[in-house]
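Colleague: Each chain is listed here by its residues.
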Amino acid sequence: MTKKHSTVASQVMWNRLISVVEEQAQALIRTAFSTSVREAGDLSAGVYAVDGQMLAQAVTGTPGHVNAMADSVAHFIRRIGYPNIFEGDVYVTNDPWEGTGHLHDITVVTPAFHQGQHVGFLACTAHVVDIGGRGFGADGNSIYEEGLYIPIMKFAERGEVNQTLIAILRGNVREPDQVVGDFYALATCNEIGQRRLIDMMAEFEISKLDGIAEFIMENSRRATLECIAALKPGQASGSMTIDGYSNPVEIHVSLDIQKDRIICDFTGTSGLDKKGINVPLVYTKAYACYALKCAIAPEIPNNAASLAPFEIDAPENCIVNAVHPAPVALRHVIGHMIPDAVYNALDKLLPDTVPSEGAGTLCNFQVSLRPRTDIQVPKSAVRAEVLAFNSGGAGARPTLDGLSATAFPSGVKTMPVEATEHTGPIIIWRKELRPDSGGVGEFRGGLGQYMEVGATEDHEFDFSAMFDRVDHPARGRQGGGNGAPTTITRGNGELMNGKGKQFVPSGGRVLMAFPGGAGYGDPAKRDLNLVRRDYARGYISAQTAKQDYGLTDEDINNVDEQVKQGEEVQ
Amino acid sequence: MSQTSVRMGVDIGGTFTDVVLEIGGRSFSTKVLTTYVAPENAIIDGMKQVCELASISVSKIDQIIHGTTLATNALIERRGAKTALITTQGFRDVIEMRSESRFEQYDLNLTLPEPLLARQQRYTVNERVSAKGGVLIPLDRAEVESLVETIKIAGYESIAVGLMHSYLNSRHEEMIREVLIDKLPGVSVSLSSEVSPQMREYERFNTVVANAYIKPMMKSYLDRLGGQLQNEGVSCPIFLMHSGGGIISIESAAEFPVRLVESGPAGGAVFAAHIASQYGLDKVLSFDMGGTTAKICLIKGQAPKTSRVFEVARSYRFKKGSGMPISIPVIDMVEIGAGGGSLAHVDSMRQIRVGPESAGSEPGPACYGRGGDRPAVTDADLVLGKLDPDNFAGGSIKLDTDSASQSLLSVVGKKLDLDAQTSAYGLCEVVDENMANAARVHAVENGEDLAEYTMIAFGGAAPLHAGRLCEKLGVERLLVPTGAGVGSAIGFLRAPFSFEANRSVYMRLSNFKVAVIQHILSELETESSSFVRSCDANAEMRSEYKAYMRYTGQGEEIPIVLSKEQALNPDASTFHQLFEEDYIGLFGRAVEGMDIEITVWSVNTSTIPVAVTAIDLSVQFVQASSSGERRLFDPALGENVQADIILRNSLEADSFILGPAVITEDETTIILPSSRQAICQTDGCIDIQRIDTTQH
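These protein sequences, in sequence, are chains L and D. Quick note, the first sequence lines up with residues 1 to 570 if you use the numbering used here. Quick note, the second sequence lines up with residues 1001 to 1696 if you use the numbering used here.
Each hint should be verified, as a subset may be incorrect.
[What the hints assert, rightly or not] DSSO-like mimics (lysine-lysine), calculated; alpha carbons at most 27 Å apart, straight line:
1) L:Lys564 / D:Lys1183
2) D:Lys1415 / L:Lys232
3) D:Lys1283 / D:Lys1305
4) D:Lys1513 / L:Lys379
5) L:Lys379 / D:Lys1132
Rather than coming from a laboratory, the hints here were simulated on the basis of the structure.
Whenever a hint applies, use it, and build me the whole structure from the sequences.
Modeller: This is how it looks when you write it as structure tokens:
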């Protein structure tokens, strides 16, 4: 009976650990200052064994952090050293290669102590609104221009906060109150996780996490291996070209499904870009692994064992394995494209499973507002940094339309426009779906969106663009059409660049059309009722309905009449 | 209400309509099947039954308090009016684009819930209010008039108006209403600045759309109900329970029907709060577990915790983000898919998972013997000896232990190499742990330590699991009141008349404007008290003032309760101090050097509830007589024990029971673990406490 009871108790403890990290993540959302964390959920939280193996991580969060953070704790252990780990300590870094890929992500690690013994770690990561340097954008030529670099160090020792670090931080970032607030929020969130972890250990009367760690690892490993063993072994390669910054970037992927592992190699991928869109390998691993897990083993929670069978590699100093001191601030622009590139190869080994290409990269921009400099303005004019997270359309699936204006692969949310407008003198004039942007197909690609942004009276701004798919729209599968590309112009119609900082004078506006997802399958096979519905809703124009899907003028008139009568048209 | 008045509480639930009649101290209750097509019929039916039990004529009823899931169901089942939305140009798709995220990150075939209104039912006007409340683009009346023509041709019955930043400046929304009333006098209109004057366009627009969508239907239902009652000779006033735990007039309910969503569970929380007052308990965790879900609510100072936003109609395993956000004053509850009918399976990690899928009543758990072959929580309860197969639901359903064991073995036992009992143990531990985790996360979000709490359990399945939940949560005391089966309807009769008015008005403590605050709070108080006055012209009222505050730059506010004095004579340093105290309570430390801002103000006015008679706690312990013994599995000990069987209706005040025991009644069974002892209090409530082992 004893052994069986321990099975039930272990089940309960695994459940509990997932709840611990979820509480940790919720605490971070509630206490964080930067909009990207509190409104957009750009964060992650996890619990680790004393040897640095990740045991559980919060469901809340975004994949880029999630898997990257898995490796991070080992770096902390190596740098700090076990003899220097004390109760009440809190460690911090924003090292892109030992954290989660760029200086804006702050990773905080807290050792957990139970009955005076070091039993494990809590870690969390969040994107802060500013880290100094040039500001968040692609324009850096090396990491040195991208902001303050914090090597792995103690944020607090035995409960005493490192005031030197706080002073340096305050002196180097544009929004010191918010950034310092976020450091505290990260520390608090680990503290809450730690408290609950210790409660659990007391309740189950255990003094170490070794037993439960072994249980979690064994079950996760076996389940993951079963999922992989169920696949047909084989090799395939795929590639995708995207805009890049100075030159187009080619991502090459070769996949090798073996009995007990999947090897994913990026040999052949373009070299480094001069500007800050290069990707540290941790981040490449995170998204490659995420893509494979979604398609192959979606139900298995992330931990050291469930991630291990996915072996990701890339040659040093190609754009997906950038090493110090390459600029990496916008590593997500390329990183978010990795799943589509991986799926290009996986589709050949595992048909009818993966979606068509989508917008991929989040359609983010940062606006640096200030009082206009060309004429004297009232003192009420202010400076502010506003970061907006937005999404284009996702790719159509083998049996479903793509999701409109929905992030994939990123897990973040958009911020409410009303909340964004409270953070600075910005006005968002438009944020709505972009008709005809979803690639045609038996299953239509998700729609992108339109946005239009300006400043309030007396202000001008720098607009930092972080877009892709201007020249390389999402490609369809199985006869599905491409999604619409990104466009960005000034109010007068003049084209702007998809990446980089661009000045917008007072009264000026930026007009953006974010990309749609690609279609899946032959559009001629699309259910005509869905075509009529899409036309009634204005997802597609009359022209598309006729040209690509074969509606007649009579069909169009009928739908117009139904819409006039306020009918839903299902 | 005087002691001799006759009051009736009615709760329309998904399966049953519960009716409770109280005359002075006596109460009579019944459960009738909900009549979906005309829900008023079940009320009339139930009303006649309870009046017959009480031997009174229906005309003697002085007051009816009503709560219903009709509004919730209409939203879940999408049975609303033909509705249009008028919104700001450029923001037509706010309710469709949601948060632009996926609530389940690893599902490549995820689908998102459709918005309540399709895109062609959403119209725009060229206007814009700024984040400071100023007008950036004035609204042109001629444009509205021409839009109203289009709306007229389309034949919409109900119009929602939601414009950007209207919570700061509602003038444009009001202008649109003026034109609508002028040109389309019959149409129903809802303004976002009235239904939910709060920042965040997705929540606000969705709330006003939901209100507009159910308004014609709810109005028609309430009119019919009034008419039918009149026909039956009932002419007393009818009031509605709202989601915030108070009651409002039938007219207010018809105007803001979205406030009726989740009124049933709110009644349950009020029921628990009332028991808390009788027992003088300041910290209570209410635990309501039925067939498909469990609801958990924190009750502090005898008032349920409230919130400003919640989610209805979750479409994906009760997952956060998969429903529609509704921002209205609401009792803050966690609802998870864990009930007696929740089904278990073993996943690819060889972990037992329970719920949210439920066996429902057909085919029901395997032990019902109606063809169900997957194990439900009830099957596990049966195999562990918590239920008596011959006396379930008063003996009306005979339970089949063999079928329960078989289903446990085939779905759980074979995969994990466990026998039927250990499988059942694992299943129960997982479901109890899920509920405990939900309670823990909820407590953390509210900065509370559950060890200081008392649990009050009601609903059919709660007493079977509450004891174990207390062990898991470190809760020392558990009360199982009488009447737990119709707890919500009883709760309606305990609720005060109340209305919460709130408004978003930004202010930083560094720019504290005393006169503005006084003005906002006095306006809000006028609004909330006039709603209460419309229900009761004479009763004494009191108002609670709150400011929702945060450090400048944060996204989540915390509600700071202000005393009347602090509200009438606001002072920045007091506000600062109140905020920091609460912030430290929640998150451990204050943040130095940050400005603090206030985003939302609210005033909740309510009548003063009837004074509660405190229960005289039993001081003598008389050993209760056992009607037998049976084998019961005790999960904390991990072994079988012999438990006394006690009939609840044989208990008298002061009866004492030492765990392990099972206390049985028609509607449910109370499990008393080996770690607990119980006393029957004078009001029939079973008062369960941890046995203090240090004394032995």
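Colleague: If a hint holds in the structure, say so; if it does not, say that too.
Modeller: Cross-check of the supplied hints:
1. Simply put, L:Lys564 and D:Lys1183 have alpha-carbon atoms about 18 Å apart, close enough for the 27 Å limit, and the pair holds.
2. With a C-alpha separation of about 25 Å, the suggested pairing of D:Lys1415 with L:Lys232 holds against the 27 Å cut-off.
3. This hinted pair checks out: D:Lys1283 and D:Lys1305 have alpha carbons roughly 11 Å apart, not beyond 27 Å.
4. Between D:Lys1513 and L:Lys379 the alpha-carbon distance is near 20 Å, which keeps this suggested pair within the 27 Å criterion.
5. A distance of roughly 17 Å separates the Cα atoms of L:Lys379 and D:Lys1132; the hinted pair therefore holds under the 27 Å criterion.
Comparing the model with each earlier hint shows no violations; every hint is respected.
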